[in-house]
Amino acid sequence: FEMFTQSLGSTQQAKHEIDLNDDSEYSFVIGHQIDGRCLFPGTSYLVLVWKTFAKLHNYEDYRQISVLFEQIQIHRATICLLTNKIIFYVNILPTNGTFEITENNTIIVTGRISLSEQLTMQKFHKQIKLNNTEKNLQTNEIYRDFNLRGYEYSGLFRGINQINIDGTYGELIWNNEWISYLDTMLQVHLITSQGLQLPTRIDSLRIDPKYHLESISSLTSTCSVYVDYWNSLCFSGGIELFGLHCTATSKKHKQQNTILESYLFVPFDNINITDELEADDCRWPQGQYGLPTRNGKLKEVDRFDVAFFNLPSKQAHNMNPQLRLLLEVTYESICNAGINPIKLKGTKTDVFIGANGSDAQNVFSSDPQTFEDYRPSSYTVDTACSSSLLALDCALNALRNDSCHAAIVGGVNLCFRSQTSVQFLKLHMLSNDGTCRAFDSNGTGYVRSETIATIFIQKRQDAKRLYATLLHSKTNADGWKKDEIHLDPNHVGYVEAHGTGARANDPQEMNSITEVFCSKRHQPLLIDSTKSNMGHPEPASGVAALAKLLVALQNGHIPANLHYNSPNRDIPGLCDGRLKVVTEKTKLPNNLMAINSYGFGGTNVHAILQANSNRKENENLSRNEICLAFACARTADGCENILKNLKEYENNIELQALITENSFHPSRTHTYRGFTLLNPSESSTIVKKCNNERRLVWFVFSGMGTQWSRMERDLMKLKLFRQSIERSSIILKKYNIDLFQLILSSTPRDLDHPINNFVSIAAIQIALVDCLKTMDVEQDGIVGHSVGELAEETILAAYVRGKCVRDANLPAGGMAAVGLTWDECKQMYPSDIVSACYNTIDTVTVSVAFHSHYMMEIAPLLKKCLENVIINPPKQRSSRWISSSVPENQWNTSLALTSSPDYHVNNLCSPVLFQEALQYIPSNAIVTELAPHCLLLAILKRSLSTDCVHINLMKRGTHDHITYFYSNLGKLYNEGVILNIMSNYESIQYPVPINVPFISLIAAQWDHSQQWKVPTFEMFTQSL
12 FEMFTQSLGS TQQAKHEIDL NDDSEYSFVI GHQIDGRCLF PGTSYLVLVW
62 KTFAKLHNYE DYRQISVLFE QIQIHRATIC LLTNKIIFYV NILPTNGTFE
112 ITENNTIIVT GRISLSEQLT MQKFHKQIKL NNTEKNLQTN EIYRDFNLRG
162 YEYSGLFRGI NQINIDGTYG ELIWNNEWIS YLDTMLQVHL ITSQGLQLPT
212 RIDSLRIDPK YHLESISSLT STCSVYVDYW NSLCFSGGIE LFGLHCTATS
262 KKHKQQNTIL ESYLFVPFDN INITDELEAD DCRWPQGQYG LPTRNGKLKE
312 VDRFDVAFFN LPSKQAHNMN PQLRLLLEVT YESICNAGIN PIKLKGTKTD
362 VFIGANGSDA QNVFSSDPQT FEDYRPSSYT VDTACSSSLL ALDCALNALR
412 NDSCHAAIVG GVNLCFRSQT SVQFLKLHML SNDGTCRAFD SNGTGYVRSE
462 TIATIFIQKR QDAKRLYATL LHSKTNADGW KKDEIHLDPN HVGYVEAHGT
512 GARANDPQEM NSITEVFCSK RHQPLLIDST KSNMGHPEPA SGVAALAKLL
562 VALQNGHIPA NLHYNSPNRD IPGLCDGRLK VVTEKTKLPN NLMAINSYGF
612 GGTNVHAILQ ANSNRKENEN LSRNEICLAF ACARTADGCE NILKNLKEYE
662 NNIELQALIT ENSFHPSRTH TYRGFTLLNP SESSTIVKKC NNERRLVWFV
712 FSGMGTQWSR MERDLMKLKL FRQSIERSSI ILKKYNIDLF QLILSSTPRD
762 LDHPINNFVS IAAIQIALVD CLKTMDVEQD GIVGHSVGEL AEETILAAYV
812 RGKCVRDANL PAGGMAAVGL TWDECKQMYP SDIVSACYNT IDTVTVSVAF
862 HSHYMMEIAP LLKKCLENVI INPPKQRSSR WISSSVPENQ WNTSLALTSS
912 PDYHVNNLCS PVLFQEALQY IPSNAIVTEL APHCLLLAIL KRSLSTDCVH
962 INLMKRGTHD HITYFYSNLG KLYNEGVILN IMSNYESIQY PVPINVPFIS
1012 LIAAQWDHSQ QWKVPTFEMF TQSL
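For the sequence shown, the working numbering begins at 12 and goes up steadily by one.
If you are wondering where the hints come from, they were derived from the structure by calculation, not from laboratory data. Nothing here was measured: the structure is a model prediction, and the numbers come from that model. Some hints here could point you the wrong way.
Claimed, not checked - Mimicking DSS-like on lysine-lysine, the simulated pairs with C-alpha atoms at most 30 Å apart in a straight line are:
id, residue 1, residue 2
1, Lys-699, Lys-730
2, Lys-356, Lys-744
3, Lys-470, Lys-598
4, Lys-744, Lys-730
5, Lys-591, Lys-658
6, Lys-784, Lys-658
7, Lys-658, Lys-96
8, Lys-627, Lys-475
9, Lys-627, Lys-596
10, Lys-354, Lys-627
11, Lys-485, Lys-475
12, Lys-475, Lys-598
13, Lys-310, Lys-437
14, Lys-325, Lys-62
15, Lys-744, Lys-655
16, Lys-966, Lys-730
17, Lys-591, Lys-485
18, Lys-982, Lys-966
19, Lys-485, Lys-359
As the list claims (entries may be wrong) - With beta-carbon atoms standing in for the labels, derived distance ranges:
id, residue 1, residue 2, range
20, Asp-763, Glu-997, 35 to 43 Å
21, Leu-230, Pro-933, 47 to 55 Å
22, Lys-598, His-416, 32 to 40 Å
23, Gly-825, Gln-1000, 51 to 59 Å
24, Arg-721, Pro-933, 47 to 55 Å
25, Pro-841, Asn-879, 54 to 62 Å
26, Asn-69, Leu-224, 46 to 54 Å
27, Ser-215, Asn-576, 56 to 64 Å
28, His-416, Ile-741, 49 to 57 Å
29, Lys-598, Gln-326, 42 to 50 Å
30, Glu-997, Gly-825, 21 to 29 Å
31, Ser-165, Pro-323, 53 to 61 Å
32, Asn-116, Ser-165, 29 to 37 Å
33, Pro-323, Leu-244, 38 to 46 Å
Beta carbons are placed, not taken as given, at the ideal position from N, Cα and C, and that holds for glycine.
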C-alpha cells in the first residue's frame, strides 16, 4: 500500500556536459576500451550521481561525504568519440534518493543513493597482504589477458598492480581518480569470475573517501583488495561492493522463449510447447493443492526493456507484467506488418485487448500508447475464453464503421495465482496429466497456458503485408448469420476449433460445426485445436489460434493436432468421416477457413478468413544487381543480426522493403544504425552508433578537374541515375550533343573540349541531386565551386557556357594550385597572373584562364546566350545557396539576389571565394560532395570543423562505382540522414506475397538485462 501512497516530492535534475578533449577533466576515459571501441565507464555514471547528490546536500566537494549506492542497474553503454561532447542528465528524487541517468532521453543507469555512516577499522576487518610464496599476476600479465578477452585498458585504467592467481586478493594503484579506481575493482571481478561480461547490476556500493585515503600506502600509493567471488563481495580501502551480477539474458533462456516462429521451426508433426514446471522456475510449487504438473508458461515474464519505452523504474516495477510484455509484443506485431510504428502517430489506430481475471491488475488496453507518443482509443474485452476473438470482432466492426483506420488486437494471460487453477480443477475442467486431448475419447480437460499475443489489422487497400482477409465475424447473441456474408459453409476447408478436450464441451461444439459446415460436403472438414499443442491460454486463446492459423497460411500447411488417438463417441461427425482431425502435417485444402471460440460466460465468437493466395515463386532466384539495405536497432548486435538476416534473404526484395520501412524513420531509442550491400563482389557491412538527432545536410558542387573518361558508365545501371541522364540527354539532342556517347565511351581528349566538359559535369551533378531528392534527402545548404554553381541551373546553362568558351577561341591559358595565402598571392604575383580560387586559408589557385579578367571578352556573348535559356524573370537565389562568386558584402545587391544571366557571367569572370563560403557550413554538418570525383575532399577536411562528416558519392579510380555509391549512401544513413533507398529499386507490389519471412528480428533487440517485479506464490498465500 505504501508503494502507491508515499509522497514522491519533486525530482532534482542536474546536467553534466562531458568534454573528451585532451585538456578536459574527463579526457582520461578514452583509456577504457572494449572490442576496439571507447566506452564511457559505468563507474563514471556513479561519480556523476555522487557529485549531484553532494550538491543537493550543500557540499562543494563530493569527496567530503560517504555514500551508499543500492540497486544499481546499468541499462546500456555509451560509445565515446574522441571529439565528443556527451550530455547526461542526473535525476534524483530527494525523498528516497532514487536516481536515473539519461542521455538523449534514453535511460542509462538507475538506482538509489543515500548518505552512509563512516567506516572504521573494526568495520573493515579484512587486512589483506599478498603471499609472496604464491604465484602473483603482475600488471603486464593481467592486461595482456584482458586484451585477449576484448578489454583494452590504458592510462589510469591499468590500475591493478598485482593480484594472486585466484584473483581473491591483491593491490590496486590509487591515482587520485575515483572513476578509474572503481572501474579497477570491477576488473578484479573479471579476473575472479574468468567471465567475459562486466557486471551490469550491483546490489550495493559503499564509499567512504576519508577512510579510503587512510588505507592507501604512502610509500607505494597502492591499496589492498579482497574478493569473495562466491558471495559476490569486493573490499578495497574505504569501498565495499556487494552483489555483482552479469544480468544479460542467457542463451538458454532465449531459446526457451516461445514466439511465433515456434510453429515454423519446431517439426510440424510434433509441436508441443507445454512444459513440465521446473522447481526453480515455476509459478507455484509442484503438486501444490493437487494441481497438474504441466502448464504452458512464458519463461521470462520478469524481463522488460524499460529504457526503450522510456518509463521510470518505479512505474515499471509496479506495472502489471502482462502490460510490460504486451508493449513489446505490440511493437513487434506492428513492425511485422511492415509498418513503421512512428507513422502511427496521429493516426486513428485503436487497441482491442482480450483479458479477464488478471492475477496482477485489471487495466490492459490503455498501455500500448506508451510508445512513440501513440494515443489510441483503447478497449478491454472480457468474455472469459472468447475475449480476444471478441476483441477481433469489435475491431472489425470499428474498421467497417470507419471508427478507426487500423487496429491492434491482442490477448493476454499469465497464471500467477494457484488458487485460480484450483477453482478450474474443482470444476473438473483441467486435465489431470497436463495433456489436452481435444476431440479424443480419453479427453479429461485442458492445460492452462500463458500467452501474450497481438495482431495488427488494417483495411486491405492500406496493407503492406497480408496473411488473410477477415471476411466476417459474429457473436452467438445475434442469431443466424449466414445471410450477412453470403458464403456457403460447405466451401470452408478448415476450422480451428475451440477444442478444449473437455468431455462436455467438445461434443457440443463439434456437433454444431458438423450441422453448419457439413450438410452438403463432398470432402471431410479438417478440424484442429491449438490447445493440444500449447494448452489453453483462456482469454488469449482466440488470438493464439489466429496466430497459429496465419503461420500455417504462410507455410502452406497445418501443424498436427497432438494426443488424438480415438474419436469421442459423442461426436458423430468424427465417427462417420464428415469431420477429420489433422493428425499430421497437412496441406490447406483451400483458402477459406474459420476460427471458433467459446466463452463459458455464454459469449461465443466465430470468424471466417480467406487466405492471401499470392505466393512468391522462385524465392531463391538470384538477382544480379547490387542492393543497399538498412537496419536500425537498440544495440549493435541487434543491428548486425538484422543485416545478417537480410544477407540470408538477399534476393527477397519484399523482405528488404518491409525491414527498410522500419529503418526509414528510426525510433528515438534505436541508437544503432547499419547498412549492408546485397549481392556485392566484396561483402560490406557497417554498424554505427547514432543519436538520431537531425544533422544539417550540405551539398558541395565541385567544378573543373572532376571529369574523367566514361565517368558515368557504371552508374547508368541505376534506375534513378539513368532516368535523370536520359532527361538531360533529350534536352541536349537538339544541340547535337550526344550525352550518352560522352558518358559511355568518351576519351580524355573528348573531355578537353569545354562543351563536353561542362555538360558532363553538370549532367552528373543533376543526376546525383535527382537520386538524393527521390530518396527524400533534402539539402539544408549548397555551395558551388566554379562551374559547380551551375548544378542548380539547367543542363543548357552548362552547354551555353561551354559553347561560348569554345567559340571565343581565346589564347591557351592555365591554372595552378599554390601553397600560399590569398594575401600572399596578391602581393607576390604580377598583374597578369590572377588569384582565381580562394580554396583554403593557405591554398590558392592562380589563373591566366577561368575566373579572371581574361574571361571578360566572353562576357557579352555568354550573357546573350544565357538570356535564351534562363527563365525570365530569373528565380530567386535561396538563402540555402551560399554564393562563392560574389563577396559577402555584396549579397544584397541585385547581382547576387537571383540566378540571372549576369550572376553566371560574373561566376565565370570573378574569383572563387570558396573559403569564405565554407564558413557558413555548420560545425556538425554532413557535407556531401556532388561531382564525378571528390576533388575538394582535402580542402573540405582542412577548412571545416572536425565535427563535420565528409561523404562523396563518386570517385575516380574506384574499382566498383556502384558499390562505392551505395556504400557512401549507407554512410549517410549511419550518420543520421533519412534515406528512402527503396525508391531506387524495382517497385514493390503491396501487399507482399504471403511467404515473405516474418520480421521477428525486433525480438532479438530487446534489452532484457534487468529483472522486474512479478507476483509470487508467497504473495497470494501469506497470512493477511
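For each hint, the structure was consulted:
1. Of the pairs offered as hints, the one joining Lys-699 and Lys-730 holds, with about 28 Å between alpha carbons and a cut-off of 30 Å not exceeded.
2. The suggested pairing of Lys-356 with Lys-744 is violated, with an alpha-carbon distance near 48 Å, which exceeds 30 Å.
3. Taken as a hint, the Lys-470 and Lys-598 pair is honoured in the structure, with Cα atoms around 28 Å apart against an allowance of 30 Å.
4. With a C-alpha separation of about 21 Å, the suggested pairing of Lys-744 with Lys-730 holds against the 30 Å cut-off.
5. Of the supplied pair hints, the one linking Lys-591 and Lys-658 is violated, its CA atoms being roughly 42 Å apart against a limit of 30 Å.
6. At roughly 27 Å between alpha-carbon atoms, Lys-784 and Lys-658 fall within 30 Å of each other, so this suggested pair holds.
7. Restraint check for Lys-658 and Lys-96: the C-alpha separation of about 35 Å exceeds 30 Å, so the hint is violated.
8. Restraint check for Lys-627 and Lys-475: the C-alpha separation of about 15 Å stays at or below 30 Å, so the hint holds.
9. Restraint check: the Cα-Cα separation between Lys-627 and Lys-596 comes to about 21 Å, which is no more than 30 Å; the hinted pair holds.
10. Proposed proximity of Lys-354 and Lys-627 is supported: the alpha carbons are some 27 Å apart, at most 30 Å.
11. Restraint check: the Cα-Cα separation between Lys-485 and Lys-475 comes to about 26 Å, which is no more than 30 Å; the hinted pair holds.
12. A C-alpha spacing of about 25 Å is found between Lys-475 and Lys-598, which places the hinted pair at or below 30 Å, so the restraint holds.
13. Simply put, Lys-310 and Lys-437 have alpha-carbon atoms about 27 Å apart, close enough for the 30 Å limit, and the pair holds.
14. The suggested pairing of Lys-325 with Lys-62 holds, with an alpha-carbon distance near 23 Å, which does not exceed 30 Å.
15. Between the alpha carbons of Lys-744 and Lys-655 the distance comes to roughly 46 Å, so the proposed pair goes past 30 Å and is violated.
16. Distance hint between Lys-966 and Lys-730 is fulfilled; the C-alpha atoms sit about 20 Å from each other, no more than 30 Å.
17. The hinted pair formed by Lys-591 and Lys-485 meets the criterion: a straight-line CA distance of about 25 Å does not exceed 30 Å.
18. Between Lys-982 and Lys-966, the direct Cα distance comes to roughly 15 Å. Compliance with the 30 Å bound is thereby established for this hinted pair.
19. Only pairs whose Cα atoms come within 30 Å are accepted, and Lys-485 paired with Lys-359 is accepted, the gap being roughly 23 Å.
20. Range check, Asp-763 to Glu-997: about 39 Å between beta-carbon atoms, so the 35 to 43 Å window is met.
21. Our hint of 47 to 55 Å for Leu-230 and Pro-933 holds, since their Cβ atoms are close to 54 Å apart.
22. Range check, Lys-598 to His-416: Cβ separation about 35 Å, and the 32 to 40 Å hint holds.
23. Under the hint 51 to 59 Å, the C-beta atoms of Gly-825 and Gln-1000, about 56 Å apart, fit the expected range.
24. Between Arg-721 and Pro-933 the CB atoms are about 36 Å apart, so this pair departs from the stated range of 47 to 55 Å.
25. For the pair Pro-841 and Asn-879, the beta carbons lie near 38 Å from each other, so the given range of 54 to 62 Å is not met.
26. A hinted range of 46 to 54 Å is violated for the C-beta pair Asn-69 and Leu-224, which are about 22 Å apart.
27. A C-beta distance of roughly 57 Å is found between Ser-215 and Asn-576, which places it inside the suggested range of 56 to 64 Å.
28. The hint said 49 to 57 Å for the Cβ distance between His-416 and Ile-741, and at roughly 42 Å that hint is violated.
29. At about 48 Å, the CB distance of Lys-598 to Gln-326 agrees with the hint of 42 to 50 Å.
30. Checked against the hint of 21 to 29 Å, the C-beta distance between Glu-997 and Gly-825 comes to roughly 48 Å, which is inconsistent with it.
31. Taking 53 to 61 Å as the suggested C-beta distance range, the pair Ser-165 and Pro-323 does not conform, at roughly 37 Å.
32. The hinted range of 29 to 37 Å is satisfied by Asn-116 and Ser-165, whose Cβ atoms lie roughly 32 Å apart.
33. Checking the proposed 38 to 46 Å range against Pro-323 and Leu-244 shows it is violated: the Cβ atoms sit about 30 Å from each other.
The structure fails hints 2, 5, 7, 15, 24, 25, 26, 28, 30, 31 and 33 (numbered hints given earlier, in ascending order).
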